[in-house]
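Student: My request is simple: use the sequences and hints to build the entire structure.
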Amino acid sequence: MAETMRFILIDKIVSLESGKEIRAVKNVSLAEEYLADHFPTFPVLPGVLLLEGMIESASWLVREAENFAHSMILLSEARNVKYKSFLAPGGQIEYTVEARTIEENISSFTGIGVSDDERIVEAKFGLRHFNLADENPSMAAVDAKVIENMKKRWKMLSSG
Amino acid sequence: MAMSRDEIFGEVQEVLVDALGVDDDEVTAEAILMGDLGAESIDFLDIVFRLEKTFEMKIPREELFPAESLMNNPDFVKDGKLTETGLTELRNKMPYIELGDFANDPDINKLGDLFTVNTIVSYVDSKLNAA
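Sequence order for the protein chains is A and B.
Quick note: the first sequence uses my numbering, first residue 1, plus one each step.
Quick note: the second sequence uses my numbering, first residue 1, plus one each step.
If you are wondering where the hints come from, they were derived from the structure by calculation, not from laboratory data.
Backbone N, C-alpha and C define an ideal beta-carbon position, used for all residues, glycine too.
It is possible that some hints are incorrect.
To be verified - Quick list of in silico lysine-lysine cross-link-like pairs, BS3-like style, CA-CA up to 30 Å:
no. : chain 1 : residue 1 : chain 2 : residue 2
1   : A       : K12       : B       : K110
2   : B       : K58       : A       : K124
3   : A       : K82       : B       : K110
4   : B       : K110      : B       : K58
Said to hold, decoys possible - If you only want the chain A side, here are some residues facing chain B, beta carbon under 8 Å, derived:
no. : residue
5   : A36
6   : H38
7   : F39
8   : T41
9   : F42
10  : K84
11  : F86
To be verified - Far from chain B, some chain A residues (derived; all Cβ distances over 10 Å):
no. : residue
12  : D11
13  : A31
14  : V48
15  : K82
16  : Y83
17  : E103
18  : T110
19  : V114
20  : E118
21  : E135
22  : S138
23  : I147
24  : M150
Tutor: Okay, here's the thing in structure tokens:
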């Protein structure tokens, strides 16, 4: 279940301009399990997880803008992804994601992640948003549960 | 199988388009694999596999992209920079690339900038045309 798997690649949303731009930060900790292998004496956040943080930031922009209408917000495409520099434990990355367009079921963004004035990651990407019940009405309860969890997570990420 | 550098470049370009999902006009000779084309850890395995198939050669682990063995060894890296030993190791492992400014400031964060499309082309060229 989503609430027991702690897969969250941002720590805090620092600013949000509804429907337009979101900024979020992630602090990298030596305690993150995947760093043990990536790499043993030179831990750095894997590229896919740098991108994931950016995607999560964008998904919150969508959720807030559409008032949590959809349970599922997934990556549909990523283009011009660039990994400019490594991000190591002790570092903090700030993602700035700007919406190019947010429509009912699709949205597109440009994003950048910066740490200590150093560009870490850049990408252009698109998301798609939907409810499981769109295809399968019996899944409406699952949609409701996911949305409820996302609202709780939103409170944690955007508080303070 | 004697291939010209241009022919090798053409094949390498196709490999990178397939492995990285980029357009062929993005894959220029100078394009940096991570910094321009978005290649990351998993991609390097995929690239090596595809090169082996395309050029019918075996590419031993770490021969094309020695970054991991360099970064994992505390003799080679100190305070976020390659040591003299590390630089020597890099030169030995990748004799076909120009270190340029990197030798003056071997910042580990900039190691990725050395891995360009040309790096792959030069590697394949040297292996295919070895005596």
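Student: For each hint, tell me whether it holds in the structure or not.
Tutor: Evaluated hints:
no., hint, verdict
1, A:K12 x B:K110, "29 Å, holds"
2, B:K58 x A:K124, "35 Å, violated"
3, A:K82 x B:K110, "14 Å, holds"
4, B:K110 x B:K58, "28 Å, holds"
5, A36, "12 Å, violated"
6, H38, "7 Å, holds"
7, F39, "5 Å, holds"
8, T41, "5 Å, holds"
9, F42, "4 Å, holds"
10, K84, "5 Å, holds"
11, F86, "5 Å, holds"
12, D11, "22 Å, holds"
13, A31, "20 Å, holds"
14, V48, "6 Å, violated"
15, K82, "5 Å, violated"
16, Y83, "4 Å, violated"
17, E103, "24 Å, holds"
18, T110, "14 Å, holds"
19, V114, "14 Å, holds"
20, E118, "8 Å, violated"
21, E135, "27 Å, holds"
22, S138, "35 Å, holds"
23, I147, "31 Å, holds"
24, M150, "28 Å, holds"
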